[in-house]
Amino acid sequence: DAGVIQSPRHEVTEMGQEVTLRCKPISGHNSLFWYRQTMMRGLELLIYFNNNVPIDDSGMPEDRFSAKMPNASFSTLKIQPSEPRDSAVYFCASSHGQSNQPQHFGDGTRLSIL
Amino acid sequence: GEDVEQSLFLSVREGDSSVINCTYTDSSSTYLYWYKQEPGAGLQLLTYIFSNMDMKQDQRLTVLLNKKDKHLSLRIADTQTGDSAIYFCAPHNDYKLSFGAGTTVTVRA
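Heads up: the sequence lines are chains A and B, in that order.
Per the numbering used here, the first sequence runs over residues -7 to 106.
Per the numbering used here, the second sequence runs over residues 6 to 114.
I should point out that these hints are in silico values taken from the structure, not numbers from a laboratory.
There's no promise every hint is true.
[To be verified] With a straight-line cut-off of 27 Å between C-alpha atoms, the simulated DSS-like cross-links for lysine-lysine are:
#, chain 1, residue 1, chain 2, residue 2
1, B, K72, A, K16
2, B, K101, B, K72
3, A, K16, B, K61
4, A, K70, B, K101
5, B, K101, A, K60
6, A, K16, A, K70
I would like the entire structure built from these sequences, with the hints used as guidance.
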């Protein structure tokens, strides 16, 4: 079975540019999560969607960050404008059914903002 | 919010057992997960335990939970070089996973 698919795997861009990260959750999963991982702060939950609706976006750092889930099989995380401190690995995860089901992670997007 | 503490590093000889310890603060966590992260990869779900259990065994993996002390451990029997990775303890409450800094396990020959 296909796992959570993220693209691109690596992104290098200059500060000020718009960055769009993409995620395809596991088919049938109705919860989707975006995380950010850095050495300094570890793993942080950015936003949680359930049935395509954002439920908790309290982890989104600032207005430069936005996330959408237009349908059950696709989500995007956008940073505009990007800054060097946004450099991190961004993970998407999905889970099925009730809230305590395990989350399955994608391989992440390694983002470098120069 | 939930605080999760793990020791940062563990070095173990190939063939020996590894024990990774974790303490957490939220006693209402209903599930407690262990994830493994290899370099350049995402987090792989290893195993989990329900909060009403004391122990769970899954092949080479044994999870022990002391709910009173809010202490969780993961034992890996017969540790292999492929077990070298970062291991995260992740208590789960409602939809939220709380992560510690992770324990980097290095397996030496």
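Hint check:
Taken as a hint, the K72/B and K16/A pair is broken in the structure, with Cα atoms around 36 Å apart against an allowance of 27 Å. Restraint check for K101/B and K72/B: satisfied, since their Cα atoms lie roughly 19 Å apart, inside the 27 Å limit. In summary, the hint linking K16/A to K61/B is not supported, as the alpha carbons are separated by about 32 Å, beyond the 27 Å threshold. Taking the CA atoms of K70/A and K101/B, the gap is near 22 Å; set against the 27 Å cutoff, the hint holds.
Pair hint K101/B plus K60/A holds up; C-alpha atoms about 19 Å apart against a cutoff of 27 Å. At roughly 15 Å between alpha-carbon atoms, K16/A and K70/A fall within 27 Å of each other, so this suggested pair holds.
Figure legend: structure checked against the earlier numbered hints; hints not met, in rising order: 1, 3.
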